[in-house]
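Chemist: One line per chain: the protein sequences are A and B, in this order. Using this note's numbering, read the first sequence as starting at 1 and increasing by one per residue. Using this note's numbering, read the second sequence as starting at 1 and increasing by one per residue.
No lab work stands behind these hints, which were simulated from the structure alone. The structure presented is a predicted model; accordingly, all values stated were derived computationally and were not measured. Where hints are given, some of them may not hold.
[What the hints assert, rightly or not] Computed cross-link-like contacts, DSS-like style, restricted to lysine-lysine with a CA-CA straight-line distance of at most 25 Å: (1) A:K166 to B:K119; (2) B:K247 to A:K171; (3) A:K171 to B:K116; (4) A:K6 to B:K223; (5) B:K164 to A:K173; (6) A:K173 to B:K119; (7) B:K119 to A:K171; (8) A:K166 to B:K116; (9) A:K11 to B:K164; (10) B:K67 to A:K185; (11) A:K6 to B:K116; (12) A:K166 to B:K164.
The primary structure of each chain is shown beneath.
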Amino acid sequence: MKSITKQKPFKEIEQQLDGFDRLYIAGCGTCTTMTKTGGREEVLEMRERLQELGKLVTGWIVIPTACDEMTEVAVKENNGAIQNAKCILVMSCALGVHKLSTYIDKPVIPALDTLFIGVEDSPGCFQEVCAQCGQCVLGETAGICPLTACHKGLLNGPCGGTDNGKCEVDKEKDCAWTLIYQRLKEQGRLDLMRKYHPPRDCNVAPRPRTIKIT
Amino acid sequence: MASSFREVLKSGKFVITSEIGPPKGTNIEKMLHHIDLLKDKVDALNVTDHQSSIMRFPSIGGCLTIKEQGGEPILQMTCRDRNRLALQAELLFAYTRGIRNVLCLTGDAVLVGDNKAAKGVFDLDSTQLLKTIRQMESGKDSGGNDLDGTVEFCAGAIVTPEAKPIEPQLIKFEKKVEAGAEFFQTQAIYDLDNFGKFTEYARQFPVKILAGIILLVSARMAKYMNENVPGILVPQNLIDELASAPKGEALNRGIEIAGRMIATLEKESICHGVHVMAIGREEMVPDILKAAGLAT
């Protein structure tokens, strides 16, 4: 699992930092290092750009895994530089931003937008394959999730917008239902595609979703 | 109009429907004109539901106007903009106002329209919407709760006979039949041989097939549709026929082509009727029907 992120437009970062002349930067050594959005190199580049704007960067860190509990230790070890700053600019996914906000009593500002949880299907190419809906249908759809891979999240087959196996929103994008059809056909399980799927329970786990493992 | 659309479908006559595109704004004059022009020339009139995800005056508004004018409306309902509560509420309202026909569609993606940041809902899909209508007819809403007063609709859906590959579309078609679709309006068809193969297959199901006829106004439009509209294939001979029309005559040539196709569909009993889409040129529909020899 990787949390896929994209850096916000620099203008937006600048606006969020308005009024904060001293700041601390935190990156993440896991997902955002891999996606090159919040690893060491990107943190140092951000530091340079902010210094050019006249900001004082009191320090920086690349936390091994920002969403992990060990983040608390990293925060304590760097407490001096953090206390010296007026806010923390976070270059991890929103999970890390959330975690840091629970340990630091200062404004926590995201430098990235968290896009999706994805897998790397070829070097540098990340794909969303699960929407974490809480009602897995992969057993009936040949391992391809229609809720995620179909733009409209349709459960009962393709819409009329598909053509030559592509999606109406993007001619480069595969139609999920054509892929499901092809794979089920290969497996001799096309009868599964004929099965009616009733409307989904959108509240199978009402938001915000929590669970206690006992 | 004396008989309901369902009765017309059952009567065995060659059915003619068309459609009205509501305005983007409150100026409904053109829509009123089109309704007035077409209501007595066709068996029923669809009103599109934010077609191509372009925000417009609502389908239900156009349908009420058709009803008031004495026409037979078909309420187009996409699943793009409303969750199951809103869809069912609109069906209740439509029924109380005398609307008896619904066309259930998935709906185009928000991204192809003019409010690209909007949320695409798709809480139900077209098949589930059809099932929901049948469930409401049995006196229960989609949550299984009792209704105080039920609905009754002649429900239809769409199918794309030119889609490639075709089998996934046919599987969905059969699911829609099972979910309660009584009639199908097809995506625009131009290759009658290929369409004939589809209707041959569809004959085994107890549904009526209305061939989608989109008026071609130029060779350019035909090429554009081939390149940009999923499931539409205008054969080269028709493109050539349009291109060979003298300057200023392409529209008349398009009317001729549409009329000729409709006449063949009727004469050879290829399908049960046609759904004529003139997309912005609704005033040409009577000419198309005249060219088909079907003017009343």
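Chemist: For each hint, tell me whether it holds in the structure or not.
Modeler: Status of the hints after comparison with the structure:
1. A:K166 to B:K119: holds, 22 Å
2. B:K247 to A:K171: Measuring from Cα to Cα gives roughly 34 Å; hence the hint is violated.
3. A:K171 to B:K116: holds, 17 Å
4. A:K6 to B:K223: violated, 38 Å
5. B:K164 to A:K173: holds, 15 Å
6. A:K173 to B:K119: holds, 20 Å
7. B:K119 to A:K171: holds, 21 Å
8. A:K166 to B:K116: With Cα atoms ~20 Å apart, A:K166 and B:K116 stay inside 25 Å; holds.
9. A:K11 to B:K164: violated, 45 Å
10. B:K67 to A:K185: violated, 46 Å
11. A:K6 to B:K116: holds, 20 Å
12. A:K166 to B:K164: holds, 10 Å
The structure shown violates the earlier hints numbered 2, 4, 9 and 10.
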